[in-house]
Amino acid sequence: MDKVLIKGNEAIAEAAIRSGCKLFFGYPITPSTEIMEYLSKNMPKAGGTILQGEDEVASINMCYGAAATGARVMTASSSPGFSLKQEGLSYIAAAELPVVVVNVNRSGPGLGGLGPAQSDYFQCTKGGGHGDYRLIVLAPSKGQEMYDFTMQAFDLADKYRNPVLILADGFLGQMMEPIELKERPAVNLPAKDWVTNGCRGRNKRKIASYALTNEIGEANCMYWQTKYKQIKEEEQRWESYQADDAEYLLVGYGTCGRIAKSVVINARKHGIKLGLIRPISLWPFPENAFKRHISTVKGIVAIELNAGQMVEDIRLAVNCKIPVELYNRQGGMLPTETEIFQYVSQVFNLKLPEEG
Amino acid sequence: MQKVFTRPKGLTELPFHYCPGCTHGIIHRLIGEVLDELNIIEDTIGVAPVGCAGFSLDFFSCDFVGAAHGRAQAVATGIKRALPDKLVFTYQGDGDISAIGTSHAIHVAARSEKITSIMVNNAVFGMTGGQMAPTTLSGQVTTTSPYGRDSAAFGNPIDLPKIIATMDGAAYVAAVSADSPKNIIAAKKAIKKAFQVQQLGLGFAFVSVLSTCPTNWGLSPVESIKWLQQNMLPIYQMGELKVNKEVEAI
Amino acid sequence: MAKVTVFHEYCKSCGLCIAICPNKVLEIGDKANQKGYYTVRTNDESKCTGCSLCGIMCPDLALEISK
Numbered sequence: 000m001d002k003v004l005i006k007g008n009e010a011i012a013e014a015a016i017r018s019g020c021k022l023f024f025g026y027p028i029t030p031s032t033e034i035m036e037y038l039s040k041n042m043p044k045a046g047g048t049i050l051q052g053e054d055e056v057a058s059i060n061m062c063y064g065a066a067a068t069g070a071r072v073m074t075a076s077s078s079p080g081f082s083l084k085q086e087g088l089s090y091i092a093a094a095e096l097p098v099v100v101v102n103v104n105r106s107g108p109g110l111g112g113l114g115p116a117q118s119d120y121f122q123c124t125k126g127g128g129h130g131d132y133r134l135i136v137l138a139p140s141k142g143q144e145m146y147d148f149t150m151q152a153f154d155l156a157d158k159y160r161n162p163v164l165i166l167a168d169g170f171l172g173q174m175m176e177p178i179e180l181k182e183r184p185a186v187n188l189p190a191k192d193w194v195t196n197g198c199r200g201r202n203k204r205k206i207a208s209y210a211l212t213n214e215i216g217e218a219n220c221m222y223w224q225t226k227y228k229q230i231k232e233e234e235q236r237w238e239s240y241q242a243d244d245a246e247y248l249l250v251g252y253g254t255c256g257r258i259a260k261s262v263v264i265n266a267r268k269h270g271i272k273l274g275l276i277r278p279i280s281l282w283p284f285p286e287n288a289f290k291r292h293i294s295t296v297k298g299i300v301a302i303e304l305n306a307g308q309m310v311e312d313i314r315l316a317v318n319c320k321i322p323v324e325l326y327n328r329q330g331g332m333l334p335t336e337t338e339i340f341q342y343v344s345q346v347f348n349l350k351l352p353e354e355g
Numbered sequence: 000m001q002k003v004f005t006r007p008k009g010l011t012e013l014p015f016h017y018c019p020g021c022t023h024g025i026i027h028r029l030i031g032e033v034l035d036e037l038n039i040i041e042d043t044i045g046v047a048p049v050g051c052a053g054f055s056l057d058f059f060s061c062d063f064v065g066a067a068h069g070r071a072q073a074v075a076t077g078i079k080r081a082l083p084d085k086l087v088f089t090y091q092g093d094g095d096i097s098a099i100g101t102s103h104a105i106h107v108a109a110r111s112e113k114i115t116s117i118m119v120n121n122a123v124f125g126m127t128g129g130q131m132a133p134t135t136l137s138g139q140v141t142t143t144s145p146y147g148r149d150s151a152a153f154g155n156p157i158d159l160p161k162i163i164a165t166m167d168g169a170a171y172v173a174a175v176s177a178d179s180p181k182n183i184i185a186a187k188k189a190i191k192k193a194f195q196v197q198q199l200g201l202g203f204a205f206v207s208v209l210s211t212c213p214t215n216w217g218l219s220p221v222e223s224i225k226w227l228q229q230n231m232l233p234i235y236q237m238g239e240l241k242v243n244k245e246v247e248a249i
Numbered sequence: 000m001a002k003v004t005v006f007h008e009y010c011k012s013c014g015l016c017i018a019i020c021p022n023k024v025l026e027i028g029d030k031a032n033q034k035g036y037y038t039v040r041t042n043d044e045s046k047c048t049g050c051s052l053c054g055i056m057c058p059d060l061a062l063e064i065s066k
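Protein chains in written order, with numbering that gives the first Met the number 0: chain A, 0 to 355; chain B, 0 to 249; chain C, 0 to 66.
Hint data in this document are derived by calculation from the structure and do not stem from the laboratory.
Be aware that a few hints might be false.
What the hints assert, rightly or not - Only pairs whose alpha carbons sit at most 30 Å apart, straight line, appear in this in silico DSS-like list of lysine-lysine:
| id | chain 1 | residue 1 | chain 2 | residue 2 |
| --- | --- | --- | --- | --- |
| 1 | B | K192 | C | K66 |
| 2 | A | K203 | B | K161 |
| 3 | A | K158 | A | K181 |
| 4 | B | K225 | C | K2 |
| 5 | A | K205 | B | K192 |
Just chain A, with the same shape it has in the complex (with noise of 0.2 Å):
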């Protein structure tokens, strides 16, 4: 199959395209725009309709009102634009609507910067908007999972009547990879038995998220519950890197995941048993790829964008059965492979072969 020079931002546009996202609805905010600005160039040849709306709260209602008449829809912004987004994303969460969305996560607080980070994770994890709802998050780490995430991701939304969200942050939005524009996967899919698309042949449907009584409030919660508990059951995704026999582990998303695979074949070469475990779903957090580890793993390093976030649910992940230290950086700064590999020798106290 070709394969095309283009960015990370390209590569999700592009992938969406050939998932049959017909719609795309956004607003510029750096490091995402290439998304857009990808779209519009070649939505329109694809027979889809994009729209930039006058700020990132109207594009996400109006991906909500797309999704509720069934389209492929999907929206892509960054941190602050992403923090405008979350009330919408709450009420699209409640209505169960399948929507794309993607954060390329940038530094903040506030204004920051535009340097990549992962200070978002509690908020794109943990729900960001008001209310018990989940986003399925997805984290890639290279161009190619940009594109091959984004596809997935249509699928798992419409799959789950849930917005999915693809994570990934300033470094790899920009990054130019060879990508191979695989073709769209035959998946089969509940029909779409719900949308408001005119009630011609049929009884009148609504979309609604409201509950008039404490006791359908409740009712409709336990209901959300039960399906995200389905999908904590079947859609953990991870890649384990020379974990196997592994004394001691990295954690790392999304370029730190990159860099963490460099720092285990420098340890490996030093004779460190350093083995890698590299989330590809933030939500659901994949747990079940520390089992077979807590018994055997002296220590996990977590290597992080941001002040510490993903670390906490790693210590949950293993019942703080194991020391999880962190290494981070924030602000828009990456972490060489040298200052991780010397902080994994330092805080393990591990004395390096030629020291011996």
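Assemble the complex: chain A is given as a structure, and chains B and C must be docked to it using the hints.
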């Protein structure tokens, strides 16, 4: 004997939950009649607001989608862009469209989005208990203007249809009222035209309807009608405020 | 000949129909419906012309007019 006045097919049989004398019921009926007469019930999708009419989804016979507060026109844009051959309308209170929803009110007109928007203006935020809204009259007492709206501090009521009528993309804008049979009949004509504008794909159509709120105004239904006639009608520009050339032919 | 039918379970006793009727055909009755409203009734049906002004003012579709 034949029925000369009866429930239109555009409404379901469900009794309205609105307060006694609230003109939401009248405006709902006008829309129901229009959907019926234009034979568009099955091709229409309505967007409900947050407000007293937030539960209106069950009162109309067509498909309905509930929107977040102020966002009905953005939701409607999404629906219409996905289904350009269907008819999409928003039904919004004055608080919904002229406070939190104003950016969308301007931009659907700017883009000449091919939807129909109905604004129901009762000069307060009704659902939440009668707080001051951007449409509250100068001196009007509400729960957040207990000494009367102080125009020096909080401004004067916004005339949204007048603003929208200045925009090129607005194909049809009308300001009507639900206070009397004569005005209700005119309101129905305007609402019907606003849907026909969409049927013909002529651009954004907007109808603002002055409405009573007996409960939050602290008046009886009959007194509320009089209050509207004496206080609201005189300060707003009424009638068809914008009629594009192609709309004239309707 | 004309007639106004009151659907009592829809009537909320708001009085808008009574205020608008040019022939004083309608009045508040002395029977409460399920919701506790004292619903409207006709007091002299012979005066009804079927003008439907009452129906136009009724916010609850509680009135049906026949001619």
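The hints, checked one at a time:
{"no.": "1", "hint": "K192/B / K66/C", "verdict": "holds (29 Å)"}
{"no.": "2", "hint": "K203/A / K161/B", "verdict": "violated (35 Å)"}
{"no.": "3", "hint": "K158/A / K181/A", "verdict": "holds (20 Å)"}
{"no.": "4", "hint": "K225/B / K2/C", "verdict": "holds (28 Å)"}
{"no.": "5", "hint": "K205/A / K192/B", "verdict": "holds (25 Å)"}
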